[in-house]
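For this one, chain A is given, so just place chain B on it according to the hints.
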Amino acid sequence: MIKQITVIAMSLLMAVLLIAPSSTSAHSMPSSLVYLDFLEDEVGAELIIPLDRLEIAMEKNLYEDPEQAIETYHDELVTYITSHISAETPEAEQWTVTVDEMSLLYPDTETDPIDLSAQLTLTPPAGAAVDSFALNYDAVVRELVTHTITVAVRSDWNNAIYTSSPEIIATVIEGNTTVQVDQSAGNTWTGFISIVQSGMAHIAEGVDHLLFLLALLLPAPLAVKGKRWERSAGIKSSIKQLLKITLAFTIGHSITLIIGATGWLAVPSQPIEVLIAVSILVSAIHAIRPIFAGREVFVAGGFGLVHGLAFATLVTELGVTPMRIIWSVLGFNIGIELMQIIVILLIMPWLLVLSGTKSYAPVRIAGALFAIAASIGWILDRAFAVSTPVDAIVNALAQNVGWVVGVLAVLAIVSSALKRLRKKQYSFS
Amino acid sequence: MKKNILLGFVLATSIATALTGCGTEEESQTSSVNEQAESTETESAESATKMPDGPPSGGGGMGSATVDTESIVTDVAATLDEEVSVSAEGASVDEQATKLAQAFLATLSDEQVETIQYDLTAENAAVWSNFPVNMVQRNGILLGSLSEESLKAAKALFYTALGEEGYEQLVMNLEAEEELGESDSGYDADLYYVSLLGEVSDSSTWILQVGGHHYANNFTFNAEQTGATPFFVGTEPQSFETADGETVEPMAVHKSAIYTMLDSLSEDQLAEAEITDKFDDVLVGPGNDGNFPAESEGTLVSSLSEEQQELVKEAIEAWVSDVNEEDREALLEAYYAEDAWAETYIAWSGSTSSEDQGSYIRIDGPRVWIEFAVQGGIVFDDVHFHTIWRDKLADYGGEFSSQ
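Heads up: the protein sequence lines correspond to chains A and B, in order.
In my numbering, each residue carries its 1-based index in the first sequence increased by 93.
Counting along the second sequence from 1, when you hit position 167 you're at 164 in my numbering, and nothing is skipped either side.
One chain only, chain A, in its complex shape (with noise of 0.2 Å):
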């Protein structure tokens, strides 16, 4: 349901764009798009044909009423759709299509066109290539021969062109009405590493993921007492505190990004956005004061739930078919997976080595007071539209991460080295 929407808001979009920007939207005359989707054995085309045009080309009242119209004229609309596209292998062979679906499409502006959206499935002959054929695209253009189509690819999981932003692929106009299409650059394994790579990215810019998770890392090291906390537990019981964690928070999001990408779960995304800003003040709350002492590993992975299903909906609209849903949440997952761990390692060691000098409570202290203000700037923001700057200084932060981790690894070398000189002081008095 959301996907479907997603789709059609995108074609509306697309078609407003390329057509009619701004106030003098009607001053051109509408133009057709072609959306290709490659599937693992056949080629999906959605065909978005202004109807007052198609109406010129077919010579058929459509424009009155255009439901009574696609109703009516179901059969000689298909006919016409048929006899008016075409796709064929390299050697002349040709493709099978069929009409799946028709149905209209109303535009935001007033004054733009109602268009007609026919759902095609183009299948290659047997033992011929899905992603290289020859389109023989003429519909409106054949008898209106000053229309204009773009034809995209909306979908091409191996190579990494997702929903999200079609690439157009050619322009179709009178005398030059075929595409020649190869998307052959691509396989299966080039579509994995580019999820992996969109899961990598996708991390590295969620800055709020990440922030939760440092936050809870930071009083990882330590030991509670009473109801503060002391001391670093130790470079070991650390480790493990650490590794726990991860791997909790880590399990937390797998769930979540699995079940949501199935699609069964419809949840909006507004309150997991807002959640996960709770989530961050939740524990950098955590790291001033512990307030769940013990359960740290449940809050990881509880909070993690939350996490992953902000994953899940950028994943269902990476693979159409269940196989690359499948690939799509492995490599995703993976990507995340990785860059969390280069995070990791970029921080902690500089935190552990800090935790076992005085220095450490103020670093900690300062770190928890930025995640909770940041928390509440975006809680502010996604919960009540209240816009703060916190965006623009996290996303400073993010982009001046080698001067954060600097800084950090200075601090820590400088405080071990100052607690070592202090010892051998006190072991000569």
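In short, the hints are calculated from the structure, not lab data.
This one's a predicted model, so the numbers in the text were calculated from it and none came from an experiment.
Backbone N, C-alpha and C fix where the C-beta goes; we use that ideal spot for every residue, glycine too.
One or more hints might be untrue.
Stated by the list, open to error - Here are some, though not all, of the chain A residues that point toward chain B, as calculated from beta-carbon distances under 7 Å:
id	residue
1	Ile149
2	Met151
3	Asn154
4	Glu236
5	Leu237
6	Val238
Chain B in isolation, oriented as in the chain A frame:
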């Protein structure tokens, strides 16, 4: 503990300030999934195979264009009544235009000179359109951004290229634009562009482009061929009243000439001249340079009576008289030469009435190419016209003849 909290707070705030102060890019990159779904960026990917050069005739390559309205200093509409005086120096129109263009350039600021000049390439030359300037980017600078002095110099140049009638046509088009502007603020006579391609000198070929909504001319000087095309003229509204109560009908001559030509045909001749293709715009429009149909359709003008052939000539002249005398005579001579005339066709489609959308008339010779298309009203209810005149050999002076 309190000390640590204080220290921590100080640390946190100073880091935050330092980061904002570092001046990094502001891209709101939250993990908000909604944003992904909303921000579409359709990228024109490099096509893997041979594709038609340039965007299609529907004014393709559209997105939105940037119009530097801040640069406007002159109200062009207010100056339209001014007389243009040209002291033409030089024997040929090429020489006159070159001198005037140089004089025009001399009045411009350094910045304007840079913005107005382009390299002489087919790609740059193809950047013109009939669509509103905020829909399709044009070359050059706005007429409205010219100082009074520059505008006068520009007009002298235009007058030399266009001739008296052609200059009048430009003025009428600008007035029509002002009329549109009364109903929709996006239209204004200030929003027309002028640009120069190539080095403006007697020893090099250069192109003058003037255009905006519903108007585009491209004059090529010092070229192999007589470069007076491509020339697009359109109009909406068809007719209107100026502030002085004068009725202006910018395309009265064009409409009348070409429909009179069509009306003179007998039923049989009409049947022969009709083409089944339908048109909702001109076919070989902006961005479609050189894409003339391989075969000519319609009826040969040589099969028409003497009187009818005169009407065809009058129709052709409605467009060709919008350029300077020298070019006009050279082109008409070429169009009316015996062998050329023997291969000239006229054709029509849709309707023989200028009041019907989809009515379309074409004159198609070995060189001459004129299209007249009737579209529905955009700003007003009445139909409006899109027309283009091209020369299959001499578009852009024949400089890019590989097209």
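Note to self: Quick check on A:Val238 please, does its C-beta sit within 7 Å of some C-beta on chain B?
What the structure shows: holds, 4 Å
| query | Does the nearest C-beta of chain B fall within a distance shorter than 7 Å of the C-beta of A:Met151? | reply | violated, 11 Å
Can we keep the A:Leu237 interface hint, with Cβ of chain B closer than 7 Å?
-> Nearest chain B Cβ about 4 Å off; hint holds.
Worksheet item: Any CB of chain B closer than 7 Å to the CB of A:Glu236?
Response: holds, 6 Å
Q: Please verify that hint: A:Ile149, Cβ, nearest Cβ of chain B, below 7 Å or not.
A: Check passed: Cβ of A:Ile149 comes within 6 Å of chain B, closer than 7 Å.
- Task: With chain B as the partner, please determine if A:Asn154 meets the hint condition of a C-beta pair closer than 7 Å.
- Result: Nearest chain B Cβ about 15 Å off; hint violated.
Violated hints, listed in ascending order, are 2 and 3; each of the other numbered hints is respected by the structure.
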